[in-house]
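Trainee: Below are the chains, spelled out letter by letter.
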Amino acid sequence: MRKIPFLLAFLALLGLQVQAQRQVTGTVTNAEDGSSIPGVSVLVKGTQVGTITDINGKYSIKVPLEGKILQFSFVGMQTLEVTIGNQSVIDVQMRPTTTALEGVIVTALGISREKKSLGYAVQDVSGDEISQARQLNAINSLSGRVAGLQITSGSGNMGGSSRVLIRGVNSISGNNNPLYVIDGVPIDNSDFNTVNTARGAGGVDYGNMAQDVNSDDIESISVLKGPAAAALYGSRAANGVILITTKKGKAGAAKGIGVSINSGISIENVAYLPKYQNLYGGGTTFTGAGTKDGFLVQEINGIEYLLPDYATDESWGPRYNPNIYYLPYWSLYDWEALGKPTTNADGTPYRLETAPWVAPKHDVEDFFETSVGYTNNIALTSASENGSFRLSYTNFSSNGYMPNSTLNRNTFNFNGTSKFGKKLMAFTSFNYIKTYALGRPVTGYDDNNVLQKFTQWGQRQLDMEKMKNYMNPDGTQRTWNRRAWFDPLPNYSDNFYWTRFMNYEEDWRDRYYGNVGLTYQIFDWLKLTGKYNMDTYTFRINERVAIGSQALSYYQEDVRQLTETNAEFLLEADKRFGDDFTTKLTLGGNRMHRQYELNGGITQGGLVIRNFYNLRNCLSPALVHDETSQKSINSLYGSLNLGYKGLLYLDVTLRNDWSSTLPKNNWSYPYPSVTLSYVFSEMPGLQNQNWFDFGKLRFGWAEVGNDTEPYRLITLYENIQNFGSDIIYTLPGMLNNAKLRPESTNGWEIGTELRFLNNRIGLDFTYYYKKTTDQIFNTPISAASGFTSAMINAGSISNKGIEFLLTLTPVKVKDFTWDILLNFAKNTNKVEELIEGVETLRLANGPFNISVEARVGEAYGQLVGTDFVYDAKGNKVVGTNGRYLKTTVVQSLGSVLPDWNAGITNAFKFKGFDFSALIDIQHGGKIFSTSYMWGIYSGMLEETAAINANGKNIRDAVADGGGVLIDGVYGKLNADGSVTYLDKDGNPVDSPVKNETYISGVRWAADHYSGPAAQNVFDASYVKLRELRLGYTIPNRYTGPIQNLRISIYGRNLAIWGRDNKHIDPEYTTSSGNTQGIEGGQLPSLRSFGINLTCNF
Amino acid sequence: MIMKTLHKIAVVFNLPLFILAGCTKDFEEINTNPNRPIDVPSYAFMTSAQKQLCDNIFDEWWGGRQSMLWAQYWAQNNYTDEDRYNIRQNVNDGYWRTIYTIMVDLNEIIELNQNPDKKDLLSAYGANENQIASARILRAWVFQHLTDLYGDIPYFEALKAKSDRVFLPPYDKQSDIYPAIIQELTEAAAQIDVTKAGWTQGDIIYKGDMTKWKKFANSLKLRMALRMKKADPTNAQKYIDEAIAGGVFTSNGDVAAFKYLPSAPNTAPMYSAYYIDNRTDFAVTAQFVDLLKGIPVGGAQKPNPFAGLEDPRLPIFADPVKDSTMLGPGYQGMPYGMPDEITKAIGAQGSSWPGELILAPDFATILMDYAEVEFILSEINGWDQTHYINGVKASLDYWGVDAAIRDAFLAALPPASQETVLTQKYIALYTQGYEGWSEYRRTGYPKTLVHPGEVTWIDLSSNPVKFEALTGDDIPRRLTYPQEEQKVNVTNYKAAVAQFGEDVFSTRMWWDKP
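Chains as they are written, first to last, in the numbering used here: chain C, 59 to 1155; chain D, 739 to 1252.
Chain C extracted, bound-state conformation (with noise of 0.2 Å):
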């Protein structure tokens, strides 16, 4: 066919190696199913030579003298690597990366080391496993790939917060999020949520900043999962390391040039909405004087109405009845429109609009939107011996689900290299994002966040159609939510298209992050690396709420400015001492200069001129927000790893670290690690057996030193806004301490790695302890002390936990394998102390009856509010009014965190086919839910709207057969704590009497706010059908010129099962922070499904 080209190319490339000493040739084959693979790229590894396998997997190399090895990679390949010797014929299988067991990793400061040397655990994910099914917060694609790594993300926050953790928590208020690496730069991951936000208590959620990696440009990621991966790293890897490598310049097909393609649409949808009731109205249901069925009776014009309760955003209202006929707000926004004649022209009386009161035929599913986006990446890549470039462009863009909302991200890449002569070599890595967004959701209990007014407070009956016409012709505001038929104004609910296309919020981030440097190779066992790292962003956002609405109008804006700079040196000597023994000593410093500025204001007082936004548009002078805090650390760190003849592996580190945030006399602290491989499988015995492919013992242990925020040591005055003229100065509610020591995670694990069966059983098992003592914290301390909370060192946080990772090859025949993967974690973590004296320290208040705290002698993050009274039984006991007593102090209703987490792949090669299916499970923890909380109350959801064991809807009167009946026995709670049996009448009794009072469903409702904050405590357990993927790759045969031409269809978010309450999706979060576990108004759930294409040149 069309091989000419290729040859030629071929052959240009060969031309180019005229520095080439000898000539190996050989065939890349896949081991699987022994196919050739053609576009392979085989690297002579620290050089630039290099060339690609031709269409029948064959390639032919000219090695430098000093080349050793040569590599060997793919998409979609784990990469190999093979010591060349004296061979000339090389022939190699490749493995896919679904069961990447073996072969290079990277490890800490970008260093590729072979996995089995390795004396802790690090697993790894290729970059095609998150590209396939693209997410905008790449992160989030890891859910459920990787042992130990919990992921939690919203996925209706659009482009929202995912709280990442790695072997669970270790720091009580500070960050706990892992360290995010790019080529070697630290990336920065702040959070800009305000604390109500995560509290819950609403706000945008504008997501964590580690999200602009783009999915498109990884070619891997290493997950360090633990103290001894990642004490190279420093204070802030304490929590672990994402470690994130990008793909690279290869040789491209023709002419040098490589073209690849990954092109892709994907549609969300609203996956999950709570339950709601179908069969009363909005409102009260009035009784009485003056009343007609449920309604008010008005007369206007002469003619008598029926009015709802406009004002109220409940659901008590009349039952639905078609028959009967109701005054809807909008007709009567549309009689003040005309100017409210009371007589038509004909001089009858002016007869406003009716409407049968029924359930909407629009309901809050139709307030949603598809979303569809578009992805396209378009990458160039070339190699050579002198240099090599990858140049990268992806553009997204989407609209959102909800009403006004998009995103669009642009992302350049350029990854290169040039060598100058035969030692010198300069790198550099650049990434450019620009990011768009409007109308973000707003989260929580929040004014502007429509779920809120769907779920927690609102009316039932509203058509979205009618909806839609949210302003009247002035410019002023129609709302289902009218103070009274005689005053339009909002009472406490705007329409939700109002929030929608006039309180909306936009955002603009500018981002570029990279580094440059030289490798000088001084001898071809001594190499040092010079490097300077940068990332900085811009990041601008303007919040709005429009003259008109229920709350008053005001206009943010704020401009966030971050720059950390990282230079760095490395120095690496290789040595191998005779042909047992291998060492490897790396000595390197940094220097890492952190500022944060923000800039910006909010309007005061309102906003004067309609449609007008601008910090000027203010009556009061606007309030100005401006803030820089700057921080420093300088590091020195070496490591030293020995080998024995590939069987016992030994790695020391030391670092040192000097922080600008303590004091002078604690500034400087080291900390070390050590660990140890022992590759028993390579002893005689063990080696060339049939059935045991590979066995590693490992063992590490580190200490990680950590520091803490900027300006932690003196306590200064804080300005608040004029009163008039008058100045004003106050103390902070934090007492800050200039005797700040660092704080200190000590942890060990160890752990096994086994292969069996020609590597078709494997083995990954990893137990591990970690302790975080002295704590630098916030304590909260007795407001009597003229302080709300005080800078200290104390407390500690133990985790211990174990991760198992399962391979297996079921089925592996010509044309067909099935591999399943499982990962499994489950950590248990424990609050060891606080101060003394202390015994919770509260993390977040939520909006309502719920907080998060951190308990001693309990896990992080429990959930602490009013319990129910249970009796010695188990049972829980109610008053003799047939009601939930509660707890008189409040109680730990369980923590956040779960008890284990697990996933598992499946995935299925037929010829060119290849599908794969992933489950995420979650197991444990709690979620408060304060949609569920006040949905009840207003009688928004189904349970509100239920029938009782009389066959009666529970909001009928109870002497009707209705109301509810609690699942209790009769009681009451003595001072001591202990509880007294009643009978029905109120006398004490000796044993227990079932409860047999019924309660109006108003009541029962109400109490879910005013009775134990149990009631709306639930498991957050979840299985997920996190993903379906299905590809084909056209054989090249068929594709001309085009290579790997493949078209994949995935879906995500498909099903959920075990959920203990139907209305939540338990996997919820507003921040990357630890304020976790309070949903409320929560984003609906997406579901998505896509197409991509991915192709080469």
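Hints were generated in silico from the structure; no laboratory data involved.
Certain hints may be false.
To be verified - Some chain D residues judged to face chain C by a derived CB distance under 8 Å, without partners named: (1) Pro772; (2) Val904; (3) Gln1221; (4) Glu1240.
Said to hold, decoys possible - Interface residues of chain C toward chain D, partial, derived using beta-carbon atoms under 8 Å: (5) Thr342; (6) Asp545; (7) Leu673; (8) Leu677; (9) Thr686; (10) Lys722; (11) Leu771; (12) Tyr775; (13) Phe781; (14) Gly791; (15) Ala842; (16) Thr846; (17) Val948.
Quick reminder that beta carbons are idealized off the backbone N, C-alpha and C, glycines included.
Put chain D on the given structure of chain C with help from the hints.
Mentor: Same frame as chain C, but now just chain D:
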């Protein structure tokens, strides 16, 4: 070659030292906070304390959902949980937290004005002793409120986190706190030198008029002395005599009040609640409106000591209803203590809102007024008629009642008696919910408050609606300690409860004798 290699290695190994040598030098500068000043003029703390205090006493949360309810001046027209004593713990936590922490700004004034390095500079803003004395007086006012709310509270070891790192202060007995606060007031009044400069700026309450600060100290001492009279009559009388001798309020010009500004963001908190946050949740109670109307009070038709006499303050304290469907037209209070289902039907538009003046953006939050002093003088002089009339007159004048109407009303008033004096005092304390409630606890007046179990309203179908309390079975005698204290200051909290009595609404204050 070897030398060259060694040189290379030397450069390489010196590099780190080279980098680090100069690098921690700038650490202290890097860690110097550029966002906050180190030195601040002391008046900025006085404005801070006054404003933050007033922001938290007559606002939506504390004023509206706590103290105005407990005194039954107001009722909520929707979501009546707090009316029925199911309080929001967050609000309780928040009140304790803010009120205590505000006081460290006052401490800062005192410490800086005693600091030999700083006091001379600060005397530019008013004589050192005058700055100190006014800070002490305001702090005494705060402590009086705290102890009257909760009973035993941290006092002697309180506010010492910064100076002595006392993070968890123990609770002191109210019987020890009362004399100590009075002692503070005595000392502070003595410390004032009216011949020297008062605050040059930043004193919103008195604009630096030290004579008025002195009167405030003595008036407050008088209030406290009267309040402890049942518990310790001997000392109480001594303090009363001292206070009067020292000089108490003599006119409305002496009233301690913090006047807000007419425009955002410095508008009065209650205005902000109604007109900025659109929280129109509060109505004047039927009990209070009926009392002012001079008609039998509430659903239980309790006798009105001012029967047949309409109080001219009614149109100032309340607005007419906008929707007369349920309660009728004109001034109609929301019956206190009803379940939400019923208040909703009446609605925010169907019951009287507080009057325009009460919700004015530049409302002056009252810390203590002149009328109260006259009522106290009437009481300690055996229900003295002159002081009684002076008290009512002071109140009518304060709220701007026309002189002719005022005089007619004063002339028609029934004579001074325990009931008339204390009921007029209750009316005059409107907007100071916590004081109205404290006086009810001390005296049992007014008799017009509705108690749990009593009928609060007769509805349109003539059904009696009762006040159903959600917690306890009577009007609370105190506020339970904040949950935050129960969690953070555990040991001291437990000791306090052991000493003071059960941490419930019904436990009485030391001064609250039946």
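Trainee: State for each hint whether it applies.
Mentor: Do the hints match the structure? See the list:
Annotation: interface hint on Pro772 (chain D) holds; nearest CB of chain C at approximately 5 Å, less than 8 Å. For the restraint placing Val904 (chain D) at the interface with chain C, the shortest Cβ-Cβ distance is roughly 6 Å, inside the 8 Å limit, so the hint holds. For Gln1221 (chain D), the interface hint holds, since its Cβ comes within 8 Å of a Cβ in chain C; the closest pair sits about 6 Å apart. Taking 8 Å as the C-beta contact cut-off toward chain C, the hint placing Glu1240 (chain D) at the interface holds, the least distance being around 7 Å.
For Thr342 (chain C), the suggested interface contact is upheld, since its CB lies about 5 Å from the closest CB of chain D, less than 8 Å. The closest approach between the C-beta of Asp545 (chain C) and any C-beta of chain D is roughly 7 Å, which is under the 8 Å cut-off, so the hint is satisfied. Proximity of Leu673 (chain C) to chain D is violated relative to the hint, the smallest CB-CB distance being about 14 Å (cut-off 8 Å). Of the supplied interface hints, the one on Leu677 (chain C) holds, with its beta-carbon coming within about 6 Å of a beta-carbon of chain D, less than 8 Å.
Taking 8 Å as the C-beta contact cut-off toward chain D, the hint placing Thr686 (chain C) at the interface holds, the least distance being around 5 Å. Annotation: interface hint on Lys722 (chain C) holds; nearest CB of chain D at approximately 7 Å, less than 8 Å. Look at Leu771 (chain C): its Cβ gets to within about 7 Å of chain D, closer than 8 Å, so that hint holds up. With 8 Å as the threshold, the beta carbon of Tyr775 (chain C) comes within range of chain D, its nearest partner Cβ sitting at about 5 Å, so the hint holds.
For Phe781 (chain C), the suggested interface contact is upheld, since its CB lies about 5 Å from the closest CB of chain D, less than 8 Å. Among the interface hints, the one on Gly791 (chain C) holds; its C-beta lies about 6 Å from the nearest C-beta in chain D, closer than the 8 Å criterion. For the restraint placing Ala842 (chain C) at the interface with chain D, the shortest Cβ-Cβ distance is roughly 4 Å, inside the 8 Å limit, so the hint holds. The closest approach between the C-beta of Thr846 (chain C) and any C-beta of chain D is roughly 6 Å, which is under the 8 Å cut-off, so the hint is satisfied.
Annotation: interface hint on Val948 (chain C) holds; nearest CB of chain D at approximately 6 Å, less than 8 Å.
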